[in-house]
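**Student:** Just so you know, the sequences run in chain order A and B. Counting in our numbering, the first sequence runs from 371 upward without gaps. Counting in our numbering, the second sequence runs from 371 upward without gaps.
Calculated from the structure, these hints are not laboratory results. Any given hint could be a false lead.
[Said to hold, decoys possible] Sample of chain A residues facing chain B (criterion: CB under 8 Å; computed from the structure): (1) R471; (2) Y530; (3) R536; (4) R554; (5) L609; (6) H648.
[Said to hold, decoys possible] Partner residues aside, some chain A positions facing chain B, computed with beta carbon under 10 Å: (7) V393; (8) I406; (9) P409; (10) L411; (11) L479; (12) G499; (13) I553; (14) R557; (15) G558; (16) L581.
Predicted, not measured: the structure shown is a model, and the values here were computed from it. Even for Gly, the Cβ is constructed at its ideal location relative to N, Cα and C.
Number of protein chains: 2
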Amino acid sequence: MTDWAAFAAELGDIPSITDRALVRQKSRDFFWYSPILKPLLNHKSADLVVCPRNEADVVATLALCARHRVPLTPRGAGTGNYGQAVPLEGGVVLEMTGMDRILALEDGLLTVEPGRRLIDIERAVAGQGWELRMYPSTKRTATIGGFVGGGSGGIGSVTYGGLRERGNIVGARVVSCEPEPRIRELRGDAVGRVNHAYGTTGIITALTLPLAPRLPWTDVVACFDDFMTAVNCGRMLALSDGIAKKLVTVVASPLPQYFRGMDVPAGKHVVIAMIAKHALVGWEDHLAQFGGTEILRRSTAEAEGNPEFTPVYEYTWNHTTLHALRADKSVTYLQSLFPADRALALVEETFHAYGEEVMIHLEFQRVAGAVTCSALQVVRFTTPERLNAIIADLRARGIMIANPHEYTLEDGAGHKRIGTEQPAFKREMDPLGLLNPGKMRSFVADQPPPASAS
Amino acid sequence: MTDWAAFAAELGDIPSITDRALVRQKSRDFFWYSPILKPLLNHKSADLVVCPRNEADVVATLALCARHRVPLTPRGAGTGNYGQAVPLEGGVVLEMTGMDRILALEDGLLTVEPGRRLIDIERAVAGQGWELRMYPSTKRTATIGGFVGGGSGGIGSVTYGGLRERGNIVGARVVSCEPEPRIRELRGDAVGRVNHAYGTTGIITALTLPLAPRLPWTDVVACFDDFMTAVNCGRMLALSDGIAKKLVTVVASPLPQYFRGMDVPAGKHVVIAMIAKHALVGWEDHLAQFGGTEILRRSTAEAEGNPEFTPVYEYTWNHTTLHALRADKSVTYLQSLFPADRALALVEETFHAYGEEVMIHLEFQRVAGAVTCSALQVVRFTTPERLNAIIADLRARGIMIANPHEYTLEDGAGHKRIGTEQPAFKREMDPLGLLNPGKMRSFVADQPPPASAS
């Protein structure tokens, strides 16, 4: 048994949290979107939360954990949905939000500590004419380290593809978990070793990302009577390279009717988009072609700055599920990627096959250079068996599912495949198997614990 | 017969040119790239060149032409290659380069007079953080009006598609050719009525275009031993949405060996690209994956500013032909568009089918949202019959050819199809058929000339 008072004392002046309620709060994320994960993870808690102020604090904490054989799970803002930040075996939660400095910004290449919130990155770089290439719908809460460590893409992926697309993350500093931690500088493709690895392959202390040149975005929403007309409108908008855009989402009725702050008539389907202000003429022509009715237009910056408004991106990606959950506690969700060459047919097929049991919203994005869409379908949950049957059926139709009701990298991966690179890097960076243990199911520590290191 | 002295007098203080040598010079473009067009157009000349200073001058000139039934052909810098600016029936050449003011720039939406050179637009908007979405390889000479009136795309089309892609031009002011000219404001899709119409459907006096946010571009060139490896490298680069780029060109040996100022070893094929400075890590990973050897890296701005250097875009698109022509007067060129789904197979097939008779360079670009490539093949010309046989063969293989050896819109169109919109608009804007006569072959004036208007 670890003597936590002694452990905390060994941390010296590194801030930590021992209050049980707060420790338990910092041991959770949004896994409760899943009725499968909820009972599995609900009781999990760390023993101690450590709050590093800088890389030296991270190194000291990792050294201590390695010497005491204490598990350590890193955490950003805890906005993940698969228990990415839940410490399955207790131990330390490393709360990274204190490490939030911008380290460098030159010619659009940003180096930043992992704990900085995405919206605070955007505020800091806007003056120099830059913005994030992409962010999740939790932009106003989530951190960049959490996004890279546990996310995959989001608003902006319609232009830049996902985080794993070559070039979207170009550098990372990573600390190993050993009695004498080493610091590795990853560059280019090698950053894939820590992207979407839930912190199992080392602790990120800095990230280098190319930014997008800043554009004045406009939130727009349009209504449609017919779902497939809305889908075609969204898809063709995603394909329109002359219309600068950050987001293209299609939401099937009845989901838009759950949206607080957006007054969508019953039965209507919507296209939600963020269009550059100087590209709105193209949007208008596009909307006229498909016969949509615009029901909202507002500057995204204004929506972000005024508490009366909600930026439209907070109705998309996994925020859609949140809006539905507020009204109906029984719903949960899926994560699907439609193959680019059959996307429309599969969307139409599954729209009709399930009715309101599986409510569709589509997030258009580029994958390997082609426009396709993913769906984070909102599902009226009945039993785990029925949920698994739906997943099996969607997979049988050719839709790729990343199962958000699994907490391991391997089981949840689906199209977010884990590959061989991360397991190999974990062996190098976490030989004792202490980093977020249980999340990389296939990993087995290759050396027996020594008699005692403490 | 028109009394040109009287006509010039009626122009009042509108500048004009009557010097025969200069009038003849201003009646030509780069049609001589084509051995077919050269004998057809070589002797054509206007009678008078009129140099409007503003829209009022354009209106006055068009009124005068309509009253005297004098043909009028607009001209930018004369960098076209199909005789777009050659006055087939003499009359007036309207030299637009005096109308070069920037009228507005707000949030990246530029309104500019048509005679401004593309490079001078970039210089003017750079300070506010903008650049042109696309430009031809003649950027340092050509005007925006000439590009819109006679071009179709170029450097930047790998990201934004061609000029005709919805959203790339969002406004135009156009003057009709009538005794009392009317001014039409076109918006959005309607700008297609004057885009690539050679000035046959009205005279553009202002254009409104959304700009791209400015990025610090870097010229790069890499060598390959194997052509198809270079093609794959270029194609996958075009598909890599995480690597911000302005240009992706693949040039098959022996064309790179014609490039002055670029020392490409014999037998080597090259990939030429413009990559954002902050995206170079991605380029390096990409190049390593395909085994290319970088032989040039230089800031594009530095190359544009230093007369010792040539920006790499001046080796691409139709500048490739120019480099070959300098060394070998017998060559000419073609314009091909490869269908996106069969591009690689058709490139490989035609590379082997023709050897050095048809030398390939590929310009990657987005068309309707998909990445494909066009080729402006450099052809060792022997006879018109052989050239037509090559065109027929390429078309039979499924490659779309826009024939640059035709001077009419219809015959040259190919994939740059003319449609029905431009003929309808011409009837409205040029009822007397005086604008660039002979270029819209299908047009017949619908009213007989009155007895005399002069």
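**Student:** Give a verdict on every hint.
**Tutor:** Right, here's what the structure says about each hint:
no.: 1; hint: R471; verdict: 20 Å, violated
no.: 2; hint: Y530; verdict: 5 Å, holds
no.: 3; hint: R536; verdict: 5 Å, holds
no.: 4; hint: R554; verdict: 16 Å, violated
no.: 5; hint: L609; verdict: 3 Å, holds
no.: 6; hint: H648; verdict: 4 Å, holds
no.: 7; hint: V393; verdict: 38 Å, violated
no.: 8; hint: I406; verdict: 33 Å, violated
no.: 9; hint: P409; verdict: 39 Å, violated
no.: 10; hint: L411; verdict: 33 Å, violated
no.: 11; hint: L479; verdict: 4 Å, holds
no.: 12; hint: G499; verdict: 5 Å, holds
no.: 13; hint: I553; verdict: 19 Å, violated
no.: 14; hint: R557; verdict: 6 Å, holds
no.: 15; hint: G558; verdict: 4 Å, holds
no.: 16; hint: L581; verdict: 7 Å, holds
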